[in-house]
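Novice: Throw the hints in and build the complete structure from the sequences for me.
Using my numbering, you'd call the opening residue of the sequence shown number -17 and step up by one each time.
It is worth saying that the hints were derived from the structure and are not from the lab. Incorrect hints may appear among the rest.
Subject to a maximum C-alpha distance of 27 Å in a straight line, what follows is the list of computed DSS-like cross-link-like pairs (lysine-lysine) [as the list claims (entries may be wrong)]: (1) K19 / K43; (2) K77 / K140; (3) K133 / K77; (4) K58 / K19; (5) K58 / K43.
Label-pair distances were calculated between CB atoms; the ranges are [unchecked claim]: (6) D88 / N6: 33 to 41 Å; (7) V26 / F55: 23 to 31 Å; (8) A139 / R25: 52 to 60 Å; (9) E93 / A23: 43 to 51 Å; (10) G76 / L46: 28 to 36 Å; (11) V92 / S47: 39 to 47 Å; (12) D10 / G91: 43 to 51 Å; (13) L46 / V131: 56 to 64 Å; (14) K136 / A21: 14 to 22 Å; (15) E0 / R44: 28 to 36 Å; (16) N36 / A139: 51 to 59 Å; (17) L60 / N36: 33 to 41 Å; (18) R25 / D138: 55 to 63 Å; (19) D138 / L46: 41 to 49 Å.
Beta carbons are placed, not taken as given, at the ideal position from N, Cα and C, and that holds for glycine.
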Amino acid sequence: MSRKRTERPAGSPYITPEGAQALNREFDHLWRVERPKVAEAVRVAAALGDRSENADYQYGKRRLSEIDSRVEFLDKRLKELTIIDPDTGRGEAGKVCFGAWMRLADEAGVETIYRIVGPDEFDVSRGYISMDSPVGRALLGRPEGSDVVVKRPKGDAKYEIIEVSLTPLLPVAPVAPVAPSSR
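Specialist: Here it is in structure tokens:
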């Protein structure tokens, strides 16, 4: 039995050009900067003698193993991925497709902007949701103006697709009420 941790299962093999660039940058940074730096620290720590009680050596070896695992995963995953450029017009106008940005309104009328991306680049804090997520699966292929019900473990959520775009959408700023003039 291997003690090596397995990476999360790979989802759909699609990624945006920006996502592919980010994974390539991470790979290059780990391989060209981080790994040589940690390998040198391990070499220096090993030269100090007793490795069994040398925390710098033990930490360094553990970190090298983590870096090597991530580099191996990235190398394999990057070879499997298909880069989908939303600008190539793969989807119909006004319909949610991979890489598209959309403005949604929930039942309370609260608007949210999301982008459908591959599972390797999702980041909810940036509004990037995976095409494999319940929300992503429910939205793909749906036209502007349609209502979507998302099945979630904590209950169904209903959204209206207000706008779909292949370019980033700007948040709508709330309009402040105008104070009446004092005439």
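Novice: Among the hints numbered above, which are violated by the structure, and what are their numbers in rising order?
Specialist: Failing hints, ascending: 10, 13, 14.
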